[in-house]
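Colleague: With chain P fixed as given, assemble chain B onto it according to the hints.
Protein chains: 2
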Amino acid sequence: MKWVFLVALSITLCSAMPRFPRIQYKMPEQLPPNYVQSWFTSFVDHFGSGIETFQMRYFSKNTYWTNNTQAPGPIFFYCGNEGAIEMFIENSGWIDQLASQMGAAVVYAEHRYFGQSMPFGNRSFTSPQNLKYLSPHQALGDYAYLLQNLKIMYYDAPVIAWGGSYGGMLAAWFRMKYPNLVVGAIASSAPIFHFMGSVNPEEFNEIVTNDYAMVDTNCVPYIKTAHDILGVWTRNSTLWWQLQEIFNTCTEVITYSTASNIINWIDNALTYMAMTDYPYETNFLEPMPANPVNVACSKFNNLADDATDAEILAAIRDAVNVYYNSTGNNTCNLVDQQYDNGLGDNGWDYLSCSTLVMPIGSDGVHDMFLPQPFSISAIDSYCLQTWGVAPVTDYAKIFYGSSTNPLGPLRYASNILFPNGSLDPWQSGGVLESIHANSVIGFIMQGAAHHLDLRTPNPSDPEDVVTARNTEKQLIKYWLATAK
Amino acid sequence: MKWVFLVALSITLCSAMPRFPRIQYKMPEQLPPNYVQSWFTSFVDHFGSGIETFQMRYFSKNTYWTNNTQAPGPIFFYCGNEGAIEMFIENSGWIDQLASQMGAAVVYAEHRYFGQSMPFGNRSFTSPQNLKYLSPHQALGDYAYLLQNLKIMYYDAPVIAWGGSYGGMLAAWFRMKYPNLVVGAIASSAPIFHFMGSVNPEEFNEIVTNDYAMVDTNCVPYIKTAHDILGVWTRNSTLWWQLQEIFNTCTEVITYSTASNIINWIDNALTYMAMTDYPYETNFLEPMPANPVNVACSKFNNLADDATDAEILAAIRDAVNVYYNSTGNNTCNLVDQQYDNGLGDNGWDYLSCSTLVMPIGSDGVHDMFLPQPFSISAIDSYCLQTWGVAPVTDYAKIFYGSSTNPLGPLRYASNILFPNGSLDPWQSGGVLESIHANSVIGFIMQGAAHHLDLRTPNPSDPEDVVTARNTEKQLIKYWLATAK
Chain P
1 MKWVFLVALS
11 ITLCSAMPRF
21 PRIQYKMPEQ
31 LPPNYVQSWF
41 TSFVDHFGSG
51 IETFQMRYFS
61 KNTYWTNNTQ
71 APGPIFFYCG
81 NEGAIEMFIE
91 NSGWIDQLAS
101 QMGAAVVYAE
111 HRYFGQSMPF
121 GNRSFTSPQN
131 LKYLSPHQAL
141 GDYAYLLQNL
151 KIMYYDAPVI
161 AWGGSYGGML
171 AAWFRMKYPN
181 LVVGAIASSA
191 PIFHFMGSVN
201 PEEFNEIVTN
211 DYAMVDTNCV
221 PYIKTAHDIL
231 GVWTRNSTLW
241 WQLQEIFNTC
251 TEVITYSTAS
261 NIINWIDNAL
271 TYMAMTDYPY
281 ETNFLEPMPA
291 NPVNVACSKF
301 NNLADDATDA
311 EILAAIRDAV
321 NVYYNSTGNN
331 TCNLVDQQYD
341 NGLGDNGWDY
351 LSCSTLVMPI
361 GSDGVHDMFL
371 PQPFSISAID
381 SYCLQTWGVA
391 PVTDYAKIFY
401 GSSTNPLGPL
411 RYASNILFPN
421 GSLDPWQSGG
431 VLESIHANSV
441 IGFIMQGAAH
451 HLDLRTPNPS
461 DPEDVVTARN
471 TEKQLIKYWL
481 ATAK
Chain B
1 MKWVFLVALS
11 ITLCSAMPRF
21 PRIQYKMPEQ
31 LPPNYVQSWF
41 TSFVDHFGSG
51 IETFQMRYFS
61 KNTYWTNNTQ
71 APGPIFFYCG
81 NEGAIEMFIE
91 NSGWIDQLAS
101 QMGAAVVYAE
111 HRYFGQSMPF
121 GNRSFTSPQN
131 LKYLSPHQAL
141 GDYAYLLQNL
151 KIMYYDAPVI
161 AWGGSYGGML
171 AAWFRMKYPN
181 LVVGAIASSA
191 PIFHFMGSVN
201 PEEFNEIVTN
211 DYAMVDTNCV
221 PYIKTAHDIL
231 GVWTRNSTLW
241 WQLQEIFNTC
251 TEVITYSTAS
261 NIINWIDNAL
271 TYMAMTDYPY
281 ETNFLEPMPA
291 NPVNVACSKF
301 NNLADDATDA
311 EILAAIRDAV
321 NVYYNSTGNN
331 TCNLVDQQYD
341 NGLGDNGWDY
351 LSCSTLVMPI
361 GSDGVHDMFL
371 PQPFSISAID
381 SYCLQTWGVA
391 PVTDYAKIFY
401 GSSTNPLGPL
411 RYASNILFPN
421 GSLDPWQSGG
431 VLESIHANSV
441 IGFIMQGAAH
451 HLDLRTPNPS
461 DPEDVVTARN
471 TEKQLIKYWL
481 ATAK
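In order, the protein sequences belong to chains P and B. 128 is the number that UniProt numbering gives to position 128 of the first sequence; each next residue is one higher, with no gaps. 146 is the number that UniProt numbering gives to position 146 of the second sequence; each next residue is one higher, with no gaps.
Hints should not be assumed to be uniformly reliable.
One copy or two, it doesn't matter: identical chains are merged, so the pair holds either way.
What the hints assert, rightly or not - Derived SDA-like pairs (lysine to any residue); straight-line CA-CA distance at most 20 Å:
id : residue 1 : residue 2
1  : 151       : 393
2  : 26        : 456
3  : 151       : 409
4  : 151       : 196
It should be emphasised that the hints constitute simulated quantities derived from the structure, not laboratory data.
So that you can see chain P by itself, here it is in the shape it has in the complex:
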């Protein structure tokens, strides 16, 4: 009976872990040229009062800027999201390129509680009291204050907000809530509707599954079978030594927790590869080949029809190592450490537990994963235990609107572009269609993964991405012309 109890408890804990996948960037070794780091004194709390301030970091580049008092070049303002700001500079080369064409200054603002912008230094994550200022609203407050200040130096130049993923949500919300500071926003792959009551939590994993299904017909069945095998093996402690051997884990598989983490480790990789299924080599946590989903699926090609369970597991191990270890440098697999690589993850985990609860689940029928329905009560208990907070599930709905309300706030917004990628699972919460023509525009770029349009143009880019970048350029010109 003791064993059964332990398993039951572990399942609960395991499914309580919120899984909000995001691209895990590696810190770039050096930035593109001429980005200068600066610090700005902002208020810890913008919505009450207080004399507490902190230093937020931003980078700016003025080499392209049209320095003309009467007709200054615009400011391209990137709304930093969940990570050190350098990573977004490194992975948004299109913004830099367009700035050079349009005489724009470029500013990248770092999101509070990420990178080096810590409101309470190295005590920022030590208590709920210190963490309570981590929210999208407060981050937008920082950006508003910073911009108000910068505009003085830039002759009140018009501002275009940019962002990808959560940064795209911030860019869109920035234009919605501060239309006087920002003339328009490019909100790439921004799942602004991915909240309770306005999203189907299982759609995300259906899209991931579909990305693999499109590659070849055997891929999803093998991944599904591998999950079924793991569902059995992880619950049978006499088979754990085999899991340890096949998956070459860095830690011994002697607890249910480690055994089941193998499944999480696999699912993270499968999801991230779908999100970052770019048509050329990229460099995230580790270098990844072009079209990683195709490469991953190819690992099942050599399986015989009568492949053993162990062979199928070995194949999925190789498939996910396209993400974790394409260089072959890792000598073992860190199945226990995927959730724990630095402050960035902590900040995102806190946001996922407070104002940004984005429901994701799987039913095991319409997707290739084991069934793990989204459960708000599991999230609740995890968040209370981990951060001492209760999720505010209707925060985004109330403050920024939802897709289900026909009179939602986007109806009142203008000058926001929402590009989405057809391969990107986050399109499940995106603005896929225009809300009103020429003003709040959403569309899908065929063949594109998560905010591919923001990356440096590449000969392998799908046609739709080339078109999208051109649309961005034309729209920005139009917004700037009509703002005057």
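Modeller: Leaving out everything else, chain B in the frame of chain P:
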């Protein structure tokens, strides 16, 4: 030398006292019929996360409401301002009357930190930590949450936001920031531009002066002369016994602080009478006659051409007692206590020190007061000393826009009506002209004081107020029709 030093110190302290006049209502003995008190559990901090909640109070009245699932009557939602919510129910009879005509439900929400809506009970004002959640942004967060909840009960009925004075600012901002929750706003006498950099701080007192000048040509010169006399007498301690006798003060005039408080006591009354110069009897702190400014000016009528200084001071004492003591019940004058009558004033003082620093000053040339230029450094030191906070003077400008920015956020708003009174000094920060026709409309009601339009219709109302109420009714109908 010691005496000189004391005086100098006192002058500094005295002028450091922020003077942000507001109508001082008396708590009504009973409410209009059928208003039911309820409590709503709201979050202490809407913009981070946390599990702390508090009980906010609201009143609602459903007797007029068209209870029809398909076409429910609208909700008239009053955005409570700085005081116990009963006072605004009592003094906004027009909202009730229009609700009866339009089949509307009426909801009056109490502003946090006022009345009985105390986030930390009777410890709400005891520390900067407990006070930091007192701000317009947080109050609007309460209203958004409350409305989201109420709309379920009211079949998602469309909502009209109402408010007068600071409540009008909240109503306008509510529509600007939450257009999905509110289809339109009546923002009566709302000085949403009365902030640093977008208002002339001395205009307020010029308008007050003008209200008295319009009554008769002698009134302002007498008030001015009385101020000049007081400027001398309060600084000469050998004359304090005479001040005590003439002004019949409840406390002895034995300090410069009490002596100079006589001037503040006078100026408050002169200002409040201008703000509440209604054409019929009203009942604020004490009952006031119709057209109190006229009645006050009449107190100078019997002065001889060679009236003594003491006679002129006695006349201004009688003039301001039109405000403080028209019943004659007070046996002495509480010149030291005007700033200290209950929690409502504390909350307003804190707001004036944090997010709502509304600059007011006098130059003694274009107004009838002693020169007291607006000084942000004086405000700074007062606020730090009193509340431990530093004013955030650009809060409203950044979050809600200002009149000086041609691309201000009102350009992006719609469905807001800004009625202003020609007698009301707060028009100095009001929206006096339409920003765009049929959508964001400002105008002046000739002969009206502070948000007279919201009060119960009265045969003595000026014609412009009757017209304004009709405009409000027609616009609300139009907003409701176009919202569907």
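Colleague: Now tell me if each hint is right for this structure.
Modeller: Against the structure, the hints come out as follows:
1. For the identical chains of this complex, residue 151 and residue 393 are inter-copy neighbours only, at 18 Å across copies versus 35 Å inside a copy, given an alpha-carbon limit of 20 Å.
2. In this homomeric assembly, residue 26 and residue 456 come within 20 Å of each other (Cα to Cα) only inside a single copy, at 17 Å, whereas the closest approach across copies is 66 Å.
3. In the homo-oligomer, the alpha carbons of residue 151 and residue 409 lie at most 20 Å apart only across protomers (16 Å), although the nearest pairing inside one protomer, at 27 Å, exceeds that limit.
4. In this homomeric assembly, residue 151 and residue 196 come within 20 Å of each other (Cα to Cα) only across copies, at 18 Å, whereas the closest approach inside a single copy is 37 Å.
The structure fails none of the hints (numbered hints given earlier).
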